[in-house]
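Using the sequences and the hints, build the whole thing.
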Amino acid sequence: MNSETKRILFGLYDDDEQVLDAVRKAKSDHLDIMDVYSPFPVHGMDEALGLKESRLHIAGFIYGALGTLTAFGFMTWVFTRDWPIIFGGKPYWSVPAFIPITFELTVLFAAVGMTVTFYAVSRLWPGAGNPILHPRITDDKFCIAFDTTTCDEGEISRLKNFFEATGASLVETKEVSEEA
Amino acid sequence: MNQFEFTSRQKRTFFIMMGIGLVSMLLTYFMDDHYKHLRFWTNYLHNTVFFAGLAFISTFIIAAFVTAWAGWYVLMKRIWEAFSLFLLPAIILFIPLIVGLWLGWHQLYIWNDPDVVAHDEVLQGKAGLLNRGWYTFGTLLIMGLWYLFAKKMRDLSLEEERNGAGPDFAYHRKLRVWAAAFLPIAGFLSVPLITLWDMSLEPHWYSTLYFWYTGASWFVSAMAVTVLLLFYLRSKGYFPHITDEHIHDLGKYVFAFTIFWAYLWFDQFMLIWYANVGEETAYFKLRRDFYPVLFYANIFVNFALPFLILMRNSTKRKVGTMVLVAIVVVLGHWVDFFLMIKPGPLMEAQHLAGEHATAGFVPGFTLPGLLELGTFTGFLGLFGYFVFKKLTEAPLEPANDPYLEESLHHHA
Numbered sequence: 001m002n003s004e005t006k007r008i009l010f011g012l013y014d015d016d017e018q019v020l021d022a023v024r025k026a027k028s029d030h031l032d033i034m035d036v037y038s039p040f041p042v043h044g045m046d047e048a049l050g051l052k053e054s055r056l057h058i059a060g061f062i063y064g065a066l067g068t069l070t071a072f073g074f075m076t077w078v079f080t081r082d083w084p085i086i087f088g089g090k091p092y093w094s095v096p097a098f099i100p101i102t103f104e105l106t107v108l109f110a111a112v113g114m115t116v117t118f119y120a121v122s123r124l125w126p127g128a129g130n131p132i133l134h135p136r137i138t139d140d141k142f143c144i145a146f147d148t149t150t151c152d153e154g155e156i157s158r159l160k161n162f163f164e165a166t167g168a169s170l171v172e173t174k175e176v177s178e179e180a
Numbered sequence: 001m002n003q004f005e006f007t008s009r010q011k012r013t014f015f016i017m018m019g020i021g022l023v024s025m026l027l028t029y030f031m032d033d034h035y036k037h038l039r040f041w042t043n044y045l046h047n048t049v050f051f052a053g054l055a056f057i058s059t060f061i062i063a064a065f066v067t068a069w070a071g072w073y074v075l076m077k078r079i080w081e082a083f084s085l086f087l088l089p090a091i092i093l094f095i096p097l098i099v100g101l102w103l104g105w106h107q108l109y110i111w112n113d114p115d116v117v118a119h120d121e122v123l124q125g126k127a128g129l130l131n132r133g134w135y136t137f138g139t140l141l142i143m144g145l146w147y148l149f150a151k152k153m154r155d156l157s158l159e160e161e162r163n164g165a166g167p168d169f170a171y172h173r174k175l176r177v178w179a180a181a182f183l184p185i186a187g188f189l190s191v192p193l194i195t196l197w198d199m200s201l202e203p204h205w206y207s208t209l210y211f212w213y214t215g216a217s218w219f220v221s222a223m224a225v226t227v228l229l230l231f232y233l234r235s236k237g238y239f240p241h242i243t244d245e246h247i248h249d250l251g252k253y254v255f256a257f258t259i260f261w262a263y264l265w266f267d268q269f270m271l272i273w274y275a276n277v278g279e280e281t282a283y284f285k286l287r288r289d290f291y292p293v294l295f296y297a298n299i300f301v302n303f304a305l306p307f308l309i310l311m312r313n314s315t316k317r318k319v320g321t322m323v324l325v326a327i328v329v330v331l332g333h334w335v336d337f338f339l340m341i342k343p344g345p346l347m348e349a350q351h352l353a354g355e356h357a358t359a360g361f362v363p364g365f366t367l368p369g370l371l372e373l374g375t376f377t378g379f380l381g382l383f384g385y386f387v388f389k390k391l392t393e394a395p396l397e398p399a400n401d402p403y404l405e406e407s408l409h410h411h412a
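From first to last, the protein sequence lines are chains A and B. Positions 1 to 180 (the working numbering) are the ones given, in order, by the first sequence. Positions 1 to 412 (the working numbering) are the ones given, in order, by the second sequence.
Simulated from the structure, these hints should not be mistaken for laboratory data. No experiment lies behind these values; they were computed from the predicted model shown. Note that beta-carbon positions come from the ideal geometry of N, C-alpha and C, so glycine has one too. Relax, there's no trap hidden among the hints.
Restricting the straight-line Cα-Cα distance to at most 35 Å, the calculated cross-link-like pairs of lysine-lysine (DSBU-like) are:
#1 Lys52(A) with Lys252(B)
#2 Lys318(B) with Lys25(A)
#3 Lys52(A) with Lys318(B)
#4 Lys285(B) with Lys90(A)
#5 Lys11(B) with Lys151(B)
#6 Lys27(A) with Lys252(B)
Quick list of simulated restraints, FRET-style, between CB atoms:
#7 Phe137(B) with Ile85(A): 50 to 56 Å
#8 Thr80(A) with Ser314(B): 35 to 41 Å
#9 Phe137(B) with Glu104(A): 44 to 50 Å
#10 Phe6(B) with Glu53(A): 39 to 45 Å
#11 Leu140(B) with Thr70(A): 50 to 56 Å
#12 Tyr232(B) with Gln18(A): 36 to 42 Å
#13 Phe300(B) with Ser94(A): 16 to 22 Å
#14 Glu104(A) with Glu405(B): 38 to 44 Å
#15 Asn313(B) with Asp14(A): 29 to 35 Å
#16 Phe307(B) with Asp14(A): 40 to 46 Å
Listed below in structure tokens is the structure:
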């Protein structure tokens, strides 16, 4: 496992509207944003950054359908083949009685599956390193970060001018080591 | 284009629709005189309840959104205000049913027949609510009260439009009080009305979930009608500030309340099916045995279709899928009400006449026929005419609502 060091230039903003405007300006200036960090989801940020729609919900649908089939199939097998018991004079294969459990398992499979998938895709697991650029990003500041590892002086000063023009309250550079 | 113009072409269309309705109702009345023109009266009740419910639930929607401090809906609030004012014509539509109850024009409700009640202990026990007096004054007073609230909320909204938001948003603060007061009134007083109008068609049967179920059906229909009307008005160039984001949220409401409706449908069904008490299962046995097509199609059309189509994000933002789902849902819930209202009176009437309940096809009862659709068209024309008339009375997009900015910048 070789580790790689990134030099990151970031600016902090006080307000979600401000950071949204800054991202739009960066896009129109063709600046290559590495990432944006915020303490809460900012409406309209996905479009401003030009992010593709997440495919997580497709995974969610598949997990959900899997849950439906698992529950319904298992109950069908148990109550018609494995251990048929009559409950309340109902037929062995009592579909209405299966529905609540089928519903619960659909929700369970979808929820757990999506959570695990999300963590796996985000490479978050127990013990995963999570370098943080500035503690206040987790509190009340909004951050735009640029990867400046391969940038020359001219590009860096251009980025700094950008932060100044868009009203960043703090601009810093930080070395972050990332396992590659 | 903020002032809605009711063109003569639209008026003509609505009058033609009303004409179709009138002709259909006359034909139904004179072509079928079984059981005191039961087909005509059930059709009339069916559509009156459906459209009165749209008006009622729109009043509820406004009240709920105002109380919840919602902002996104403000741009389209005139539509629901116009819907809610239809409560007044709805009261008038109920008058023939009420007069008929006193003068014996129809035999929709067997609890109104003294000979039947005299030999029926269950109906005697329920006579405290199921009687002409309650039906008459319950309908008039409760719907009158609802209309009072709808009118008051509309008036406050219009005053705000004319006079500005007022010092410290005075109009909106007043609106909040009226809206919050309406919520319990809507909740508690809809129960006796739904009991009297619909549930007492089969007076031996009762279900405590029936009111929620009816309300959910109205809610989905009202949202779907809103979607259709919005798309129509937008295609005419009105509502320039309503974006895909607002449509998306309406789509979420249709989606969510479709699930809510299905949840209530299944709750009501499963508890009765599981407990297997004869007097409770009668309702579903009647429908499953004699109305199997509608009974199963109901779940498929009103749950499976909108659920699967609207599940994706993108389908809630596209005109094609939203219009398709809205039409399916409005017709689907109209048929849902058909299935709630039609089987009971026919069964009771056949029982009263000493006939066996028919397992075969009974036109206008087993399935909605052309005359039923014609009657629906007529009521739709009346509803549309009234709503369009009300839309001309105020600018479509409100100017002084305190939440206007939030609605303009809404992001789903």
